[in-house]
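*Asks:* Fit chains B, C, D, E and F to the known structure of chain A by using the hints.
The chain contents come next:
Protein chains: 6
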Amino acid sequence: MDKLKRWTDMTWIDINETRGEMIALIPCGSVEQHGPHLPTGTDLYIAQGIADKLAGAGLPCPAERLVMTPPFFHTYAKESDAWPGTLNLDGATLALAVRDVAEGLFRQGIKNIVLLNGHMESYAFIMEGLQLATGDKSGVKAISVNWWDFISDGLIDKLFGDKWPGWVAEHAALTETSIMLYLRPELVRMELSEAGVIPAPLPYKIFPQKKETLPPSGMFARADGASADIGKILVDEVVNKLAPIIEENFRN
Amino acid sequence: MDKLKRWTDMTWIDINETRGEMIALIPCGSVEQHGPHLPTGTDLYIAQGIADKLAGAGLPCPAERLVMTPPFFHTYAKESDAWPGTLNLDGATLALAVRDVAEGLFRQGIKNIVLLNGHMESYAFIMEGLQLATGDKSGVKAISVNWWDFISDGLIDKLFGDKWPGWVAEHAALTETSIMLYLRPELVRMELSEAGVIPAPLPYKIFPQKKETLPPSGMFARADGASADIGKILVDEVVNKLAPIIEENFRN
Amino acid sequence: MDKLKRWTDMTWIDINETRGEMIALIPCGSVEQHGPHLPTGTDLYIAQGIADKLAGAGLPCPAERLVMTPPFFHTYAKESDAWPGTLNLDGATLALAVRDVAEGLFRQGIKNIVLLNGHMESYAFIMEGLQLATGDKSGVKAISVNWWDFISDGLIDKLFGDKWPGWVAEHAALTETSIMLYLRPELVRMELSEAGVIPAPLPYKIFPQKKETLPPSGMFARADGASADIGKILVDEVVNKLAPIIEENFRN
Amino acid sequence: MDKLKRWTDMTWIDINETRGEMIALIPCGSVEQHGPHLPTGTDLYIAQGIADKLAGAGLPCPAERLVMTPPFFHTYAKESDAWPGTLNLDGATLALAVRDVAEGLFRQGIKNIVLLNGHMESYAFIMEGLQLATGDKSGVKAISVNWWDFISDGLIDKLFGDKWPGWVAEHAALTETSIMLYLRPELVRMELSEAGVIPAPLPYKIFPQKKETLPPSGMFARADGASADIGKILVDEVVNKLAPIIEENFRN
Amino acid sequence: MDKLKRWTDMTWIDINETRGEMIALIPCGSVEQHGPHLPTGTDLYIAQGIADKLAGAGLPCPAERLVMTPPFFHTYAKESDAWPGTLNLDGATLALAVRDVAEGLFRQGIKNIVLLNGHMESYAFIMEGLQLATGDKSGVKAISVNWWDFISDGLIDKLFGDKWPGWVAEHAALTETSIMLYLRPELVRMELSEAGVIPAPLPYKIFPQKKETLPPSGMFARADGASADIGKILVDEVVNKLAPIIEENFRN
Amino acid sequence: MDKLKRWTDMTWIDINETRGEMIALIPCGSVEQHGPHLPTGTDLYIAQGIADKLAGAGLPCPAERLVMTPPFFHTYAKESDAWPGTLNLDGATLALAVRDVAEGLFRQGIKNIVLLNGHMESYAFIMEGLQLATGDKSGVKAISVNWWDFISDGLIDKLFGDKWPGWVAEHAALTETSIMLYLRPELVRMELSEAGVIPAPLPYKIFPQKKETLPPSGMFARADGASADIGKILVDEVVNKLAPIIEENFRN
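Residue numbers (this note's numbering), protein chains in the order written: chain A, -19 to 232; chain B, -19 to 232; chain C, -19 to 232; chain D, -19 to 232; chain E, -19 to 232; chain F, -19 to 232.
Chain A extracted, bound-state conformation (with noise of 0.2 Å):
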């Protein structure tokens, strides 16, 4: 199996009669800028991706019960809101949306919930969704993944020593780019990946947001020593360490 079955691939018999023993996997990502180099989709497809790869890798990992849902592709990436091609919802929007979704979910049936998500700044809101669907409800259960909770400090001090940023500047940089690399080469343009003068970052936030002390690239960090690579390394990581936590929670 090389991609994870599409619940809008399925039909609704198809869906009746696995529904039992399902665990559907909603994919989050988001639309927003990502540099010079990278489409605005860079959220969501990584997601996507780490989710076709658990199916494939041969892990011990339900895959075969495994059903990727319609994505979000908009979330909340407000603080890119300043450049051309993001498009948010309101955080309210965003919440009300994800409870909608997982009490359908629940309420046909499916018991088993795991959230793969791509963008950082959605989670509270995704997290605020899952909540108010799940509530104190008895017999199902949702797990909610950010993917780069499983890279760990050793792994990104290996890859990338001194050239390492720190996540909070890992946007359209070192890993979103490697995994980019290796998951959907088509779309990067790797020779447009300047970052031009970045701005020292600011220890808090102003609003309205203020140009002068954005990057004018988009790019908190440089994206050079990126690789497919380091791309297959960082995704085979994921992989290896969330396959065995569905097995766990969402045994039988």
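It should be emphasised that the hints constitute simulated quantities derived from the structure, not laboratory data. The model shown is predicted, which means the values in this text are computed figures rather than measured ones. Where hints are given, some of them may not hold.
Pairs count within a copy or across copies, as identical chains cannot be separated in the list.
With a cut-off of at most 25 Å between alpha-carbon atoms, the simulated DSS-like pairs for lysine-lysine come out as follows [unchecked claim]: (1) Lys(-17) x Lys117; (2) Lys121 x Lys185; (3) Lys191 x Lys221; (4) Lys191 x Lys121.
*Replies:* Structure of chains B, C, D, E and F alone, referenced to chain A:
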């Protein structure tokens, strides 16, 4: 050009350079049971497929200015909520989501929107979202289109004659099945399109939905008589009529 | 009995004594331009008038158990917002209002609801309100009815023949004018029903609304040919079909 | 002129021609138990009745510019929710509904609003709706009026002397019963106005409401002593004081 | 004991051990202009001060079971929005905030709530919040109290005689100033309590607020005659009446 | 000056006279379990304590222009909802509350806001509130600050060395305990700070929360090694860095 450009495959710089002229096409579908033979993503796949045909039709349409934004998969299909496979947003959530995205497009300097809808039941909530976003703004324009509004009674009569069950029953039936056979044949399983015994439709709605008044198969009319050839005729008709409307509404 | 009992004319003790058997009929209209000859309350007056005829029809219908609740005057008629005289609730407000009232009825022990709707455009929001209120409650039942869903194509053909403009244009035109001439003739000024030059209808919507695409009179089709006699035929048809549906759905 | 003009009886052209000068009068009531002798629509019937008297009073008031908009029947009467017959909107729904309608009036060029309220408990939510709609708009003006704010302590003393229970207990009691005997005698059943044993009122509220602290009849004070004559005196007092306020606030 | 225990000074283990018996007292105030001589926090300071006196009064009240939760500072004081110093929540926000907190208390096993309110205008929104949180839950009880509802007309007459302006004008005037002189004298600057020329109060509201109808000082009545001694009498009265109510309502 | 001025201790005239220059400092905390040894108000007490130190530090900071607004006690701490003592607003409620208050400040002519946050989990909702309030307004500026963003890795290493558990586990542990020992020692009960057996942290979240994956004490790391001296170093570090940021951002 075979396919419309995808917003999420473009970088923010691509979008920045083209936004003044850009016509953002928002495809809206549903995640909804479509009988035993069509996938739950049918409504969106049709909207996206029509959009792509528009790009390659060589018609007097500014197709090169069109960009497909990320779709709305989840919309409002509560009449199908009794069948597994259907996932919904509440009406208010859907209207807010459409509002947020349309406002975001306007805020970033995109002045032209075409919303291409593939699912009837969500239409009012989508309209409300566009209404809330456009208000009485000047300098922006959104048009919303249901593909079936371009199919004349004459054409229906010519294609289906007495077999035509009326638009109200046209869910997973003759038109949708034909179009899917044309656009996404790999997802259609005609051998399963058995509608079974279809209860006589009620001229009113009951809440909560009562299973015994609903067709077990999810089909409100039979699909036999559907074909890819008919699907092509229908799609061509929509494309031929929609192209000049876009040309006329978004002339520079 | 000439008229249905009105909830707001009853004391709480009247309601208390009858609530176990009561069928609450909620009339929904709009506050919306209806051309130069019909009042802005037309849609509600029609719904209320039909309800009253139901009471006096002597049909197999539990009319004595029906009580007309306070109406929804304000609903959703944003397509007419460009004409003075139209007043609207936002879609979300309308759905909440219907939800609150239906939940209140259920909370007080009324188990049976008939919502009789006179305005197409607000229908989805009203459905959503009923959906939110009923959820999967047991022991309660709401049915929602659009009066025009009881008028067959055959009857339309017999009454109007070639003059029939299609339901989509039937706003302040043949059917509504006829019914008002029958039910509330004192409010109709036929001498003013000049539709003027009606622009060809567009198969799509534009936001913000553009005045030049709208008919100046507010009529999308002419009303000449309307008559009180036809109005009576239409109302009788609705009443004759609706009565047994109520009988069947709310049998004790 | 006997009655104020009704918005819903006018055509859009009537409204268009008069909107520059129009003063829109919005009657607000409640759907609420009013003891064994008064109908649940009492609060609205009083507001509408006062408005109609205003039209015919021949006072220095621009009555010919007044138009009665569709009423708010459903408001907020949760303190009476324990009695069948009461129907409520949630507070937020009510505020939104008032906001939507007032904004609609302003959007259509009506610059002057008088909201005439007949039910105390919903007042804060109605104020909030007007507040949200007016914001700091210029060129528009809304005034809100509770009819009882025009009844002086002196008049109350003269009319009721020692029988006066205080305004806080004046629900379905002396003033409302008198006014209904004057305005809508056919809806009053004085022979049933037995208040029964009325528990001593609590100087605090309990949630959830406890039946044993509430008067079984729904009356917090007795109605004997009410009369149509007193009702006329009260209504005249309101009309006499309100007319010049409208004159003064909406002078052209 | 001088002061009630504060929830925010306790550890979760303290709260856990006492929650079965605990009576959570929620103080509600406002952030609102209170004339030239009283601080903007006056309404909350009074509510908190009364609560603390309750703790030390040695009355038949389970004061040792009372815990003061974090207060609601920001409430709803839009009638004072024209004066700098006033900060408000929208009505819907306030109701949601009260709902969330009360639901949280119930969810954690606190079954008893006393809400002590110091600001009239926000009362309806606070009630709505409690109403939404309690619904028809069993096993929980919330009572809400306005301190002024315990001050009898007789006491007012004895203390203020002819100087009494009526409760409606009692904002930053005789009672609030007296209580602050007793509870928080260091925050009162009596030398500045000059009310200036106070416009005659209107028996209706105007939106948007018109400055010329409002008293420039923010006082609707004079404060001279206020004293700490009177403040003590008022607070003692509230405490003496409230203590047995708490005793009676929350007896184990 | 020892303490920042409090908005709620000022009269409206005080605020009026200073509002043009005023920098409103909004302290945000949480009501949340903080282990067996720290009070549930810890996060707010830290934010307020830092603010007060800022006032007395004699640094190049316009401390005399700073005014502390009423705090947000209740925020969003749903990860601690399983422990008694935690009280939460829903995410949407919190965002609305912050929006309302910030909009109120702007409406009243306060142009400068510093939001000082003491609780990580509520940060996204607070940002959303500021975002909604500031939009693209001109002439206003809000900065938001988490105190921990001023503590460098180097300082952490120097103070705690190998004992440092990582920020993610820093709840009621080394930094918060130290700062409370410095600022509010009377509220700390170090003798109870026994973390007990702490389950290995999960790199993902589970909904509904499962007790067995949570540390029974509420501590995710031990607090031994915390001291008032360290607390002073941490607070000084924040104050020393924050002061010039305020100076620079709000220079007249």
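*Asks:* Each hint: holds or not?
*Replies:* Now the hints, each set against the structure:
1. For the homomeric pair Lys(-17) and Lys117, neither the shortest alpha-carbon distance inside one copy (31 Å) nor that between copies (40 Å) is at most 25 Å.
2. Taking the closest pair of Cα atoms, Lys121 and Lys185 come within 25 Å of each other only across two copies (10 Å); inside a single copy the shortest separation is 35 Å, beyond that limit.
3. For a Cα distance limit of 25 Å, the shortest separation of Lys191 from Lys221 across copies, 23 Å, qualifies, whereas the shortest one inside one copy, 39 Å, does not.
4. In the homo-oligomer, the alpha carbons of Lys191 and Lys121 lie at most 25 Å apart only across protomers (14 Å), although the nearest pairing inside one protomer, at 43 Å, exceeds that limit.
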